[in-house]
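If you read the protein sequences in the order shown, they are chains F and A. Residue numbers for the first sequence follow the UniProt record's numbering, beginning at 1 and rising by one. Residue numbers for the second sequence follow the UniProt record's numbering, beginning at 1 and rising by one.
If you are wondering where the hints come from, they were derived from the structure by calculation, not from laboratory data. Since we're looking at a predicted model, the values are computed, not measured. Be careful, since some hints might not be right.
Identical chains share a label here; the pair holds if one copy fits it or two copies do between them.
What the hints assert, rightly or not - Computed list of lysine to any residue pairs in SDA-like fashion (alpha-carbon distance at most 25 Å, straight line):
hint, residue 1, residue 2
1, Lys229, Phe62
2, Lys300, Leu54
3, Lys6, Val332
4, Lys279, Pro48
5, Lys40, Lys391
6, Lys221, Thr53
7, Lys150, Thr103
8, Lys59, Leu271
9, Lys83, Ser71
10, Lys105, Thr119
11, Lys105, Gly75
12, Lys82, Gly124
13, Lys33, Pro276
14, Lys82, Glu278
15, Lys55, Val360
16, Lys105, Asn4
17, Lys385, Ser340
18, Lys33, Thr181
19, Lys396, Glu308
20, Lys171, Gly75
21, Lys205, Arg405
There are 2 protein chains.
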Amino acid sequence: MIWNEKIECMERDELEELQLKRLQETVKRAFDKIPYYNKKYTENNVFPEDIETLKDIEKLPFITKDDLRESYPFGLFAVDRKKITEVHSSSGTTGKPVVSGYTPKDLDTWSETIARGLTMMGLGEEDIIQNTHGYGLFTGGFGVHYGSHKIGATIIPISTGQTRRQIEIMKDFGTTCLIFTPSYGIHLGEVAIEEGIDPKELGVKAIGFGAEMWTEEIRQKVEDIFGAKAYNIYGLTELMGPGVGIECEAQNGLHIPEDIYYPEIIDPNTLKNLGPNEKGELVLTNLYREGMPIIRFRTKDITSITYEPCECGRTLARMSRITGRSDDMIKVKGVAIFPSQIETALLKAGDVEPHYLIIVTRPHVLDEIEVKVEASKDLFFDGVKEMVNVKDRIAKSIENETGIRVKVTLVEPKSLPRFEGKAKRVIDERNLH
Amino acid sequence: MIWNEKIECMERDELEELQLKRLQETVKRAFDKIPYYNKKYTENNVFPEDIETLKDIEKLPFITKDDLRESYPFGLFAVDRKKITEVHSSSGTTGKPVVSGYTPKDLDTWSETIARGLTMMGLGEEDIIQNTHGYGLFTGGFGVHYGSHKIGATIIPISTGQTRRQIEIMKDFGTTCLIFTPSYGIHLGEVAIEEGIDPKELGVKAIGFGAEMWTEEIRQKVEDIFGAKAYNIYGLTELMGPGVGIECEAQNGLHIPEDIYYPEIIDPNTLKNLGPNEKGELVLTNLYREGMPIIRFRTKDITSITYEPCECGRTLARMSRITGRSDDMIKVKGVAIFPSQIETALLKAGDVEPHYLIIVTRPHVLDEIEVKVEASKDLFFDGVKEMVNVKDRIAKSIENETGIRVKVTLVEPKSLPRFEGKAKRVIDERNLH
Ligand SMILES: [Zn+2]
Ligand SMILES: [Zn+2]
Numbered sequence: 001m002i003w004n005e006k007i008e009c010m011e012r013d014e015l016e017e018l019q020l021k022r023l024q025e026t027v028k029r030a031f032d033k034i035p036y037y038n039k040k041y042t043e044n045n046v047f048p049e050d051i052e053t054l055k056d057i058e059k060l061p062f063i064t065k066d067d068l069r070e071s072y073p074f075g076l077f078a079v080d081r082k083k084i085t086e087v088h089s090s091s092g093t094t095g096k097p098v099v100s101g102y103t104p105k106d107l108d109t110w111s112e113t114i115a116r117g118l119t120m121m122g123l124g125e126e127d128i129i130q131n132t133h134g135y136g137l138f139t140g141g142f143g144v145h146y147g148s149h150k151i152g153a154t155i156i157p158i159s160t161g162q163t164r165r166q167i168e169i170m171k172d173f174g175t176t177c178l179i180f181t182p183s184y185g186i187h188l189g190e191v192a193i194e195e196g197i198d199p200k201e202l203g204v205k206a207i208g209f210g211a212e213m214w215t216e217e218i219r220q221k222v223e224d225i226f227g228a229k230a231y232n233i234y235g236l237t238e239l240m241g242p243g244v245g246i247e248c249e250a251q252n253g254l255h256i257p258e259d260i261y262y263p264e265i266i267d268p269n270t271l272k273n274l275g276p277n278e279k280g281e282l283v284l285t286n287l288y289r290e291g292m293p294i295i296r297f298r299t300k301d302i303t304s305i306t307y308e309p310c311e312c313g314r315t316l317a318r319m320s321r322i323t324g325r326s327d328d329m330i331k332v333k334g335v336a337i338f339p340s341q342i343e344t345a346l347l348k349a350g351d352v353e354p355h356y357l358i359i360v361t362r363p364h365v366l367d368e369i370e371v372k373v374e375a376s377k378d379l380f381f382d383g384v385k386e387m388v389n390v391k392d393r394i395a396k397s398i399e400n401e402t403g404i405r406v407k408v409t410l411v412e413p414k415s416l417p418r419f420e421g422k423a424k425r426v427i428d429e430r431n432l433h
Numbered sequence: 001m002i003w004n005e006k007i008e009c010m011e012r013d014e015l016e017e018l019q020l021k022r023l024q025e026t027v028k029r030a031f032d033k034i035p036y037y038n039k040k041y042t043e044n045n046v047f048p049e050d051i052e053t054l055k056d057i058e059k060l061p062f063i064t065k066d067d068l069r070e071s072y073p074f075g076l077f078a079v080d081r082k083k084i085t086e087v088h089s090s091s092g093t094t095g096k097p098v099v100s101g102y103t104p105k106d107l108d109t110w111s112e113t114i115a116r117g118l119t120m121m122g123l124g125e126e127d128i129i130q131n132t133h134g135y136g137l138f139t140g141g142f143g144v145h146y147g148s149h150k151i152g153a154t155i156i157p158i159s160t161g162q163t164r165r166q167i168e169i170m171k172d173f174g175t176t177c178l179i180f181t182p183s184y185g186i187h188l189g190e191v192a193i194e195e196g197i198d199p200k201e202l203g204v205k206a207i208g209f210g211a212e213m214w215t216e217e218i219r220q221k222v223e224d225i226f227g228a229k230a231y232n233i234y235g236l237t238e239l240m241g242p243g244v245g246i247e248c249e250a251q252n253g254l255h256i257p258e259d260i261y262y263p264e265i266i267d268p269n270t271l272k273n274l275g276p277n278e279k280g281e282l283v284l285t286n287l288y289r290e291g292m293p294i295i296r297f298r299t300k301d302i303t304s305i306t307y308e309p310c311e312c313g314r315t316l317a318r319m320s321r322i323t324g325r326s327d328d329m330i331k332v333k334g335v336a337i338f339p340s341q342i343e344t345a346l347l348k349a350g351d352v353e354p355h356y357l358i359i360v361t362r363p364h365v366l367d368e369i370e371v372k373v374e375a376s377k378d379l380f381f382d383g384v385k386e387m388v389n390v391k392d393r394i395a396k397s398i399e400n401e402t403g404i405r406v407k408v409t410l411v412e413p414k415s416l417p418r419f420e421g422k423a424k425r426v427i428d429e430r431n432l433h
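Just chain F, with the same shape it has in the complex (with noise of 0.2 Å):
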């Protein structure tokens, strides 16, 4: 079934027309409402009778998390603050954090997306959705809370926490689909096997994931675990929340819903407009929102976008699973490269400790990439034999997720630094030369 069929399997000149009207209202309305905007597109020397196409947009400077910040708490509001009848917030491990306003005309947006999504995910008014996402100034639990609405799917809001009762209440209720992030799933698998119980037993039948990097391995141990399929869904609180994209049953990339979010991808580098199927940062603008219209807001998000039909019928475009963050990427002989990468490579290669460093380098005309690697205890009194092995293993597995031999070194069980908070894994010594 499809939520919304006009607006999903809507003829693409068509729906580019829509989204132009609204991206032209919305440049409107934020250059007349808010001074903010006001003065940014002024100062760029923009206007909003500039936007006749969608590629227009690309005159508009960027919005990054430092102009939200600027504007906080309410600076990019476009209607008077009685109107905004919720905010949501993220907190931001640095600095001030950001703000996000709705209307109720915007909440009712917000929950069009998402029901769009849970409707992909084969959910209806039958169904038991339990939602394990924080429910709070974080946009998680409130998305799909508002989205089962819509859909009249019944809601179990039990938040995070108290994992032997989300499992005596999965039993209970009969629930039939799951939201969480992919390590809570997993840990709340591993409680269900401790108390006896077979997750595949349970009867869930659609599993939502969110809110933390992923990769397939991780989606197919979800999988495994509940026996159910297992759907991304991507979202920012600043653009609105959780529904930016979400997977349909083809679970080959999320689907955008265009008439609400009009997607770019540029080159994080250059700032350049980067084409179909090419990789670089996400852009998101909001073609939809009254309260708090964002427009061009670089999300740091690397993924790409195919508008190829999808097997689904859906004709919205789709963004690829985040591969990493554009202030981690590494640019090496013009190939983009992420610690994410590395790590998926490791994980695959095995034998060898979470813990890496890679390391940039210059020596000569061309970049070299050295990623240095704690072994495990065990291999490291295996000896230098089984470590060459291992070494090749690891180069191999790298070049395979990145397309780019680099240089292995093994060092010792706890050698490498640790960090409180984010890890510094790359060394980019190709300025010092």
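The hints should help you fit chain A with the ligands onto chain F, whose structure is shown.
Below, chain A with the ligands alone, put in the same frame as chain F:
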């Protein structure tokens, strides 16, 4: 302002007509659609057509928490489970939890009850409500959330915890209403003061508090801390959630939305109905609930109801502050007294620890009560004369609270038994004689 003047200021005869119509519909629907009621009513030889007047409700058997547990999880739904869009649950310290199910219409009815209450508290679309209740299976968070949507205020669904962030957000967002439990509210105020912020300067204009027992002293403390009026919100997950009673600006009893809940007061021993202004156990009936109508639920909460006109202009009945639980009630010389009253009296008297034991005996014809109280360490070393003074003070304080003269015995610090969980405060030896 009054949210729903037509209902909230309705003439009593008109209101009773509406109540009777809704009661008849509810009983008929419960009998026809819910096997549990059908069986129970048939066994008690009472049938929907027996409800010809409001007073006929007394013919119906009570529903207790045990009935709800027996029907766990979905045995009291009056509609196909598919039509239920949200499920809540009260955890309960013993046995299976109790489930509460809602159709979209029920969620709207629930919002309506809270919208009336928030309006009583003087709130409207210009207000910013910071909701520190937890969101989850517990109904505390969602009740105010939905009610805030209804009146068009700005809800900040911050949920529990992160006290420093709560204070920062109060300051930055300009919160005008706080929703908390009294104990968390007092903590929030203390932390603000520690941070060098005077909570009175934060611009809070109303506080909604609930989910805990409280006294006028606690209300006074909360109001002093924030320089704002604090209004009590009462409710039960079984019946819907918060909103069964909310105080108006007169702060003289909680208005019950009687078109939605039908309240009765019974003597918890004889189970006979009591009249207006008589203290007893509150029994509640859902008059307007589609998903899961609860009829004559014994709340175990002790209160009284007045039908006298309120100075605010509303005609809806008012319940008094909950003063205890019927499980804990002791009937002595025809008077109902509660451990909570003894506790209040001890707090007022001072110089003693909040550890006490109430022993009821009937040495001859008349009941006697002895209250054993732990003296404070200091007092215990001050000697006999001081102890006699304190005993007198305590006895007078208890007489003030309960109207009953008791024997007070001071015991050594730490000599009374300690309890994990719910303390056993009463030893009733009267049945032994
Ligand atoms: Zn598809
Ligand atoms: Zn009143």
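Verification of the supplied hints:
Neither within a single protomer nor between protomers do Lys229 and Phe62 lie at most 25 Å apart by alpha-carbon distance, with minima of 37 Å and 45 Å respectively. In the homo-oligomer, the alpha carbons of Lys300 and Leu54 lie at most 25 Å apart inside one protomer (22 Å), although the nearest pairing across protomers, at 64 Å, exceeds that limit. For a Cα distance limit of 25 Å, the shortest separation of Lys6 from Val332 qualifies neither inside one copy, at 44 Å, nor across copies, at 72 Å. In this homomeric assembly, Lys279 and Pro48 never come within 25 Å of each other (Cα to Cα): the closest approach is 29 Å inside a single copy and 68 Å across copies.
Taking the shortest Cα distances, Lys40 and Lys391 never come within 25 Å of each other, neither inside one copy (51 Å) nor across copies (74 Å). In this assembly of identical chains, Lys221 and Thr53 lie within 25 Å of each other by CA distance neither inside one copy nor across copies; the values are 45 Å within and 61 Å between. Within a single copy, Lys150 and Thr103 get their C-alpha atoms as close as 17 Å, and across copies as close as 12 Å, so both meet the 25 Å cut-off. Within a single copy, Lys59 and Leu271 get their C-alpha atoms as close as 12 Å, which meets the 25 Å cut-off; across copies the closest is 76 Å, which misses it.
In this assembly of identical chains, the alpha carbons of Lys83 and Ser71 lie at most 25 Å apart only when taken from the same copy (18 Å versus 43 Å across copies). For the identical chains of this complex, Lys105 and Thr119 are neighbours both inside a copy (21 Å) and across copies (22 Å), given an alpha-carbon limit of 25 Å. Proximity of Lys105 to Gly75 under the C-alpha cut-off of 25 Å is restricted to the intra-copy arrangement: shortest distance 20 Å within a copy versus 36 Å between copies. For the identical chains of this complex, Lys82 and Gly124 are inter-copy neighbours only, at 9 Å across copies versus 34 Å inside a copy, given an alpha-carbon limit of 25 Å.
For the identical chains of this complex, Lys33 and Pro276 are neighbours neither inside a copy (33 Å) nor across copies (56 Å), given an alpha-carbon limit of 25 Å. In this assembly of identical chains, the alpha carbons of Lys82 and Glu278 never lie at most 25 Å apart, being 42 Å within a copy and 43 Å across copies at closest. Taking the closest pair of Cα atoms, Lys55 and Val360 never come within 25 Å of each other, the shortest separation being 36 Å inside a single copy and 84 Å across copies. Both within a single protomer and between protomers do Lys105 and Asn4 lie at most 25 Å apart by alpha-carbon distance, with minima of 17 Å and 24 Å respectively.
In the homo-oligomer, the alpha carbons of Lys385 and Ser340 never lie at most 25 Å apart, since the shortest distance is 28 Å inside one protomer and 76 Å across protomers. Taking CA atoms no more than 25 Å apart as the test, Lys33 paired with Thr181 passes in neither setting, with 38 Å inside one copy and 39 Å between copies. Proximity of Lys396 to Glu308 under the C-alpha cut-off of 25 Å is found in neither arrangement, the shortest distances being 31 Å within a copy and 84 Å between copies. With identical chains, the CA atoms of Lys171 and Gly75 are at most 25 Å apart between copies only, with a shortest distance of 16 Å across copies and 47 Å within one.
Taking CA atoms no more than 25 Å apart as the test, Lys205 paired with Arg405 passes in neither setting, with 41 Å inside one copy and 65 Å between copies.
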